Structures are given as structure tokens and as C-alpha cells.
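Please build the complex by placing chain B on the supplied structure of chain A, with the hints as guidance.
2 protein chains.
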Amino acid sequence: MKVYLAGPEVFLSNAVEIQAEKAALARAAGFTPLVPGDLEIPPAETKHARGRAIYGVDEGMMLASDMIIANLTPFRGISADVGTVFELGFMCGRGRHVYAYTNTARSYYDRILHGHYGGKAAARADGRMAGPDGVSIEDFDMADNLMLDGGILARGGTFVKREVAEADRLTDLEAFKECLAIAAKQHLA
Amino acid sequence: MKVYLAGPEVFLSNAVEIQAEKAALARAAGFTPLVPGDLEIPPAETKHARGRAIYGVDEGMMLASDMIIANLTPFRGISADVGTVFELGFMCGRGRHVYAYTNTARSYYDRILHGHYGGKAAARADGRMAGPDGVSIEDFDMADNLMLDGGILARGGTFVKREVAEADRLTDLEAFKECLAIAAKQHLA
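From first to last, the protein sequence lines are chains A and B. Per this note's numbering, residue 1 is the first one in the first sequence, and the count goes up by one each step. Per this note's numbering, residue 1 is the first one in the second sequence, and the count goes up by one each step.
With the rest of the complex left out, here is chain A (with noise of 0.2 angstroms):
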């Protein structure tokens, strides 16, 4: 079973090694790891095509895999890495099995409130709680947008949450781990 490995770590100067050891991990698990970075990029003229010509490979990967295992701990902000998010979602419209995992513990709702609000809300005249801006904070606790908890729980993945030290949350990969048990049990018999 191949399983796609989603992650903002591609950004981190230790990439190369941290995929190396998620692929590892996923190995000894029994899955066949599809990594984005593994594959060579065709050569492009310019940055845009350059970035077009990623796009082609990591969705090729996405296609021939039968499983995302998503890292959706908050990248530089209060959510997920887009980019991750994207390939989260796409696998769900796939039908393939999706499961995900963020290194920390604190709610979206916490996580807007606090972090993007100074802890600074107020009911609306609809009843909904909202920033200073007016603008709606999402109360439904989950650990990101309902799609990403959503779309993970409306085919039976599982999204594993695990509060980490601010400095190793995008590193640490015990919830990774948790995640390879978890889809290793319910699909590798």
C-alpha cells in the first residue's frame, strides 16, 4: 500500500532528512513511502513553470498512491500549510484513505482567539463570537476549518492530535508515528 507523505517540512533546511526518516518510519511500518522531493523536476524556463512542473510530479505521486498521511501542525499562522492542505483535500475527493496529525493540542478556535486576536472577541449580533475585525471565529472544536477535520473523519481517518514544544513542532514525529499505527492496523492485515 502506498501512502503519499504531506508536510511543510519540504520548507526546513533538514528536509531531505526529515522525509528520509518519515519514509523510514513508514517502511517499517509496511508502507510504501511516496515522498514529495524523491522524484526529479523537469527542467523549466522560468519560476513559473518551474513551480507548474512541481505541481506535475507531486500530483502524479498523489495519484498513484492509495493513502495521505498529512502533517497539518499550524505553518506560519494560525493553520495548516496550504499547500498541504490542498493535497489533504484532493486525496479526500480521490476517495483514498486520509489520515493527519498536528503537533499541537490547542483548538482552531484557541488558536484564532489567542494567537490571531490577542484574546480580544465579542458576540456578534447573530450570536457568533468574532474578532475585533467582526469577522466569525470558527467554535467547533476541532484542530483546524472543519473541511480538514471534516473531510478526515467522513471516511473513517483519523486525525491525531499531540502538543509538542513550540520548537520541535515541525520536527517532532511521534504523532506521525501514531498516525503509521493507527492506518497500519486498520489497513495492512
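None of these hints come from the bench; they were simulated from the model. Mixed in with the good hints, there may be bad ones.
Given that identical chains are not distinguished, each listed pair holds provided it fits within a single copy or across any two copies.
[Stated by the list, open to error] Derived DMTMM-like pairs (lysine to aspartate or glutamate); straight-line CA-CA distance at most 20 angstroms:
#, residue 1, residue 2
1, Lys47, Glu138
2, Lys47, Asp126
3, Lys47, Asp141
4, Lys185, Glu17
5, Lys47, Asp110
In this text, all values refer to a predicted model and were calculated from it rather than measured experimentally.
Relative to the frame of chain A, chain B by itself:
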């Protein structure tokens, strides 16, 4: 032809009015609009169950749609709303027609560099530009993470970019109208 209208305007205090305006514009262009929030959400016992119920309704609307027009204007940070990005990925995965717009003409690179890192960046040992935290800054002349631009362009869609004053960024509909005009020309004979 049914078009799913995705975007973070669902969080605004005048969400109902804006979504009604978008739906009216879509109808005027010859499409049948499907809009999150239009259908009743089945009752649920907890916040979490309600979030999942909303997901179910939205996924049903996407499955019933031939096309998505996604508002990818940056939302509470440097990237698009992750809920909308999930929906874009989902529709790409389903092989549906995809169109998107953003009400800023600034590149993703520029927003990360100046919006997130305050202009502080340096080349890493591997040659990539990175912030003071060592995390690389995507540089593909694109409007957001390459999976978004890439996914739209890979299936013949268009990503309209338009500079709008910050106060109107989440509500201005000129770029949305442009998407409708392009999509109508391409798919309504």
C-alpha cells in the same frame, strides 16, 4: 452547469448578503450556483458533531457541482483560507473545472518575506532564500503555495489576481466577476 462558490466570506458579518450577491452574479452569467450555508444543517448534539454535519452538507454540494470558483484572497495571514483550499483540492481531485481569484496582486514570496518575516531573509547553504528561522521562502512567481496555482492551471482553469484596497479585500467582487466571465466563455457555449 452547477458551480460551487467557495470562500472565507462565510465568516463575515454580512455573509448572507455577499453570498446572495455572488449567487445572483453566477445566475446572471448562466450558471446554477451552490453556496455553503444555503442548505439546512441537520441537528447535532455537540459542537464537534455540528462541524462534521456542516462538512457533510458542503461535501454533498461539491459532489453535485461541475465547477468551483474559489476566493483565495489571503485570510488571517499570508495564505488563503484553508477551508477554501481544501475545497479547491477536493474539486481538483474530482477532476472538476476549477477557477479562483485573489484580491491581492502581491506574490506569495513577497507576502512571506515582508508580511511574515518583516523583510529579513538570507540565502541558505542550499541556495534557497529563507527567513531567520531557516524555513525556505517559496519563490515561483505565484499567488500562493504552488499546489494552488499549479492545481488550477493543470486542469485549464484560471487564477485571477487583482489588487484591491485592504478594507475591501474580503468583499470586492470584480475578480469573481472576471472568473465568471472566463468560465462562461469556456464552458457555456
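Now the hints, each set against the structure:
no., hint, in the structure
1, Lys47 with Glu138, "between (36 angstroms within a copy, 10 angstroms between copies)"
2, Lys47 with Asp126, "between (46 angstroms within a copy, 17 angstroms between copies)"
3, Lys47 with Asp141, "between (40 angstroms within a copy, 6 angstroms between copies)"
4, Lys185 with Glu17, "neither (27 angstroms within a copy, 48 angstroms between copies)"
5, Lys47 with Asp110, "between (37 angstroms within a copy, 14 angstroms between copies)"
Going through the hint list in order, the structure does not satisfy hint 4, though it satisfies all others.
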